[in-house]
Amino acid sequence: MKWTDDQKLAIESRGGKIIVSAAAGSGKTAVLSARIIDYIINGGSVDKLLVVTFTNLAAGEMKERIRKNINQAVQKDPNNAHLHEQLLLVDLAQIMTMDAFYNKLIKENFMYLNISPNFNIIDEIEYKVIKNNVAKSLIEELLHNNSKIIEILDNFCNYKDGTTIEELLINFNDYLNKIPNSDIWLDKLLNIYNINDFNNSIWSNILYQELESDFTGYKNLYLDMLEEIKLDDVLFDKLNSFINNELKPFPEIIAATQQKDLSMVINLIRHFEMKTYPRITGYADHPTSVKFKNIRNELKKVIKEYNNFLKFGDTFKEDIKKINIIINELINVTKLYRLKLKEIREKNNFYSFDDIPHLVLKLLVKNYNFETGEVIKTDIAKSIENMFDEILIDEFQDTNLVQNLIFSSLSKNDTNLFIVGDVKQSIYGFRSARPDLLINEKNRASKYNFPKLINLSKNFRSRKEVLDFSNYLFSKIMRTSYGDINYDENEVLNLGANYLDNDTNGVELHLLTELSENSDDDDLSNQEKEATLIVSRIKELFKSNHQVFDSSKNQYRPLRQSDIAILLRSPGDFGTILRDTLVNNGIDVYTDKTPIYFNNYEVKLVIAMLKIIDNPYDEISLTAVMRSPLFAIEPGLLMEIRKYNEKNNLYNNLFKMRNNSLIDNFLNKLTSYHSQALSLNINKLLNYIYNDTKIMAIMSSLDNGEARIKNLLEMVNHANNYLENNTNNLHDFIVYLDTLIDNNYSLEGVNPASEKDSVLITTIHKSKGLEFPIVILPRLDKRFNFDDLSKDILLDNDYYLGFKLRDHQAYGINSNLIFELIKKEKKTKQLSEELRVLYVALTRAKEKLIMTGIVKNINKKINYINSLIGNDNVISLVYLKQVTNLLDWILPVVIKHNSSKELQEITNIDTKLYNDTLNLKTYIQDLNDIIIEEKNIKSEEINNINKKDISDILDYEYPYPLTNYKSKMSVSELNSKTNYVMKPIFIDKNQQLTVGTVYHKILEHLEFIEYDFNSFKDAINDLITKGKLTEEEINLINLNKIYNFFNNPLYLNIIKNSQLEKEYPVSFTVKVKELDLESNLEDELVIDGIIDLVSLLDNDYYLIDYKSDVVSNEQELIDRYKKQLDLYEYALKKRITGTITKYLYSFHLGKFIKL
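Residue numbers (our numbering): 35 to 1189.
Don't read these hints as lab results, they were simulated from the structure. Please note that a few of the clues may not be correct.
[Stated by the list, open to error] When the alpha-carbon atoms are kept at most 25 Å apart in a straight line, the in silico BS3-like pairs for lysine-lysine are as follows:
1. Lys1090 x Lys1075
2. Lys381 x Lys282
3. Lys860 x Lys476
4. Lys338 x Lys376
5. Lys335 x Lys955
6. Lys141 x Lys396
7. Lys860 x Lys294
8. Lys860 x Lys356
9. Lys1188 x Lys1167
10. Lys498 x Lys955
11. Lys327 x Lys802
12. Lys703 x Lys690
13. Lys446 x Lys212
14. Lys36 x Lys222
15. Lys1141 x Lys1090
16. Lys498 x Lys446
17. Lys42 x Lys102
18. Lys253 x Lys222
19. Lys744 x Lys638
20. Lys816 x Lys863
21. Lys400 x Lys411
22. Lys838 x Lys915
23. Lys335 x Lys838
24. Lys816 x Lys890
25. Lys253 x Lys894
26. Lys1168 x Lys1188
27. Lys825 x Lys802
28. Lys677 x Lys253
29. Lys36 x Lys141
30. Lys935 x Lys861
31. Lys335 x Lys1188
32. Lys212 x Lys381
33. Lys1141 x Lys338
34. Lys222 x Lys356
35. Lys102 x Lys82
36. Lys345 x Lys335
37. Lys42 x Lys110
38. Lys825 x Lys863
39. Lys212 x Lys400
Predicted, not measured: the structure shown is a model, and the values here were computed from it.
Model the full structure from these sequences, guided by the hints.
See below:
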C-alpha cells in the first residue's frame, strides 16, 4: 500500500508522545496496524505493546489486521524466526478494550488492593437498584437522627413528584466516578463555592464570554445593515441615523464585559432602549426591511433574557450563602452515601463498572494534584510501565479524566504514548467523554512542539462531491467557540479516494413544505410523507440503474439495496414508519434494534403474576391477572367481588366468595404458586407457572405469537442472569424489574446480521466507523432533546453543580446566576456535540448523500435565517446559538450558495452568496403532492411474464394436510364449521343477532327465583330503571318467551334450587385430531367460549345454552349446536368432577332440549 507522507510519519515516528489527529476516512485503523507491524519487523515484540480500542469488535479487527500483516511479512522472509514467534503471540497480545485491560490488571494485582481475586462485576441495572435503595435508607436514617439533611431535602423537594434527593445523590455520585481521586476532590469542591465576589468565581467566565459574543454578533449585524441600506436611497434616508443611534450602547456593553464590570453591564442592559421602528411607506415587505425587523426582534429577546437572569446579580451574595450551606451538607451526605455503597460492595464481593477504573487508579497513583496535574506513581505503576515499549490508544476523543490519568500513569512519563483521535467525531458526551483532553494535547503540540502532532487529513472514503459539501458546511459553522475546534486547513477533509468520473453522484437536499392547500382526503402524516419521498427516491435510483464504484475491480456495478444506509439521530416513531413504508413498497430492510421488551402485554402479565405471588394485596396486579386469558374473570364478577365489601381489600373479598368455581380455581392456583415460590428458584417458578397456566399456548394464539413466546422465554433467561449475582428472593427480583421499568431500561436485543440484500436503518451513533456508498439522512428537522436543561438541578464537567433555590415562605422556586450560567454552558456544549454528530453522519457517505427535512413555513423560516446569519464568510454566532435541529445548520449555507436560486426566489430573499464550488442539488417538494404510489403494471411488463411460472404456481398442491383451524378459535367458530341450512335472505341477520343478545342479557341480569307474571314484569321494569335494558330492546322481543323459561319444570325443580354460574367463560387447549376424527394433526388449538348457564345440584352439573333461532323442530337445533355443547362439556370436564347433562333452551320452541 502506498502511504501518504503524513501516514508514513505516523507509522514510523518513534519516541516521545505522539498525537495523531485522524479525520474521518483517513485510514487510521490501517495506520495503527501498519505502525505495529513496522515495530515488529524492526525487532519489537507484540507482547510489549498495549493497544486500547473502543470496542471488542475493533480489538478483534486489529488483531486480524496484524496477523495478516505478519503473515505477509513471513512470506517475504520465511526463515525469520522472530516473525514466526510474533504470529504465535498475536492471540496473547494485549489488544483490547479499556474495560478488558482494567479487569486484567486488577486480577493480576488484586493482592495489592486487598480485594478478593474472584470478585464479580455487578450488572449496571442491578446496581442501580442497590444505589436507589441505599439512597432511600440513608435519607431515612439521617432524618431520624435529626441531621442537617433537612437543608437539602427542603431545597430539592419536588411538590409534584415527591422528593428528588435520591436522584440527586445517585447522579452526583455517578458524576464523581468520572473524576480521579474523587473523595479528595470533594473536599476541594467547597472552596469553589466559598466566595463573595462574583468576578472571582469560575462562572463569571461564562457570563462575560456570552455577553461579549452576543453583543459583538449583533453589532456586526447592525453594521451589515448600514451597508445594505446604502443600496436604497429611501431606506438610507429613513434608517441610517436610526441604526447608528441603536448601535451606540454596543461598544459600551462590550467594553464593560471585557473589564468584568458586572454592575455596569447590568445597568447598560437594563437601560438599553429600542425605539419604534420607522414607518416607511411601500417598504413593509422589502427584503432589507424584513431583515432588519427580524434582527431587532431577536435582539429584544436577548436583552429580555439577560435582564431576566442578570437581576440575580443583585442577589448573588445572598444566593451563594444559601448554596454554600446546601453544597456543604450535600458533600457530607454524599460521602456517607459513597461509604455505604462501598461497604455493600465489599461485603458482597462485587464492583460496578465505574469502580473498576478507580481500583486501577488506586493501584497506579499514590497522589494526584488537581491544580498542577502532577502525578506520583506507586511502585507497582513503575514496574508495570517497563512492561510496555509503547501504549497505543484509539478513539482518544472519547476518553474521560480517569482513563486519561490511568494511561499517563502506565506510560514512561508520557514518552511512549501514541494517541489517535478526532475531536470532530467526539459524540459520547453522555458517557462523560472529554474532547477537551485531545484539544489540550493538540494545543500544547502547536505551542511547544510536544507532544508531536501529526494530522491525517486525507479522506480515502468519499467522493469529491461529498467532501466538498462537508467542508463547505463545517468551515462556515464549526469553530473553537462552537463545536470546540476551528475547522481550518488542519481539519478540512482532503480528497484521497480515486473514483472514476460519474455525474450521477453528489449531494441532494429535499425540502418538504406546504406550497398549496391541504386536501380534505389527505390522511398521511408528515412523517409518512417524508418516508414516502425516501421510498420514491430509492426506487428512482434502481429504476435509473444507478451505479456504485467497486474499488476492488476499479469499475462500476449496479446498485444493491445493501449499498444504502438510512441514518437516524434516534429511532423513535419515525424509524417504525420508515421501515413499514419501505417494506410495504417491496424494499427489504434491516434494522439492528428490537422493540422495547417491557411494553409487551405478556411480559406485563407475568410480572403482575409474580407480584401477586409475592403480595396478593397488590390490587392493580391482582385485577390484571384475574381479567387475563389465564383466568378470564369477567368485569361483572370483578365488580361483585369489589362491592362485596368496599372497605375491604379485593384479595380478602375473594375468600368471602369462595362458592364461585372461578374464584375457587383462581385462589387455589395462587396458593399453589405461593407455595412453589418458597422452594423453587425464580427461573423454575416461572417455568412452573408457564406449564400450569398454559400461557405459552394462549399467547401463541395472539398476533405476533412467536415473538410473545420468545419474550416469555426471555423472562426466564433474565431470571437466570439475575440469580448469578443475587439471592433467590422473589421480592427483590420484582423490585429489580420495577426499577428497570421506572428508569426506562429495556431488555432490547440486537437482531442477527441480515443475510438479505437489505437497506440498513440505524442510528448515527451506531454508524460511527462504518461507510456506505449511499447515505440517506432524514428527519433533519427533528428537534434536539433539550429536556435536561429544564431540570432544577444541573451538573457540568467544568462548572460543577447548579440548582434552583426554594423560597418556602413564598412557596416558590427561584433561579440564581450560577444555575442560569451553567444552563447556558450546557446548551453550548450540547449544540457542539450535536454538530459533531452531523459531521459523523455526513462523513459516512462514500458516493452519494441524500438529505430530507420538513420546513413548515418555508418563506418565514428562510427569511428569518437570512436575517441573522450575517454577511461574513462564516455564519454568525447570533444565529448558531438559536439552532434547534440539524436542518438549522444546513439551510443557512444552502441559501448562501448559487445552487439554491429556486429557494432564494421562492422566499424572496437577497443575500450575499459564498463562492465555494459545490455539487449540491436542492429540491423543494410540496407536502400536499405526496401520495402513496399505486402499483401500475405496464403492458410490456405483462408480456415479459413467464406464463409457465404462473401455471406452475396455480397447479401447486400443498404437500401437507389442509385444515380450517386457526391457532386460536372460539367455540362458535368451531361450531360454525358444521353445515346447516342458511336462513332466508329476507330475515334480518343483524336483528336476529340483536334479539338473541337481548334474551341473553335479560337472563344474565334477572334473579333466578320463582315469578308470577306481575312480579316478572316488575323485575323487567326494574332492569330498565337501572339502565340494564332499554325500551327499544324490550320492543324487539316477546316477553312471554322469557316468562315461559321461568315456568318450565326443569327451571322450577332444578335450576332455581341450584348453585349457578352465569356467562361462565372457558379457555382450553385441544389437539386438532381430537376435534376432527379425519385429521391426524398433533397441533394444539386454544379454544375460548362462554357458557350461558352452569347449574350445580347434588354434584350434578347442568350445562345450558340459550338459543333464539327460528326453527321448525328440535333436531334442527341439535344438529346445529351439538358440537358447540360437546366442546363446552370438554372444557368443563377439565375443571370439575361429576356428571354433566347438556341442554339447549329454545326461546322459539319454548322448551329445554336435552342432548
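Determine which of the earlier numbered hints do not hold for this structure and return their numbers in increasing order.
-> 2, 4, 5, 11, 14, 16, 18, 27, 28, 29, 30, 31 and 33
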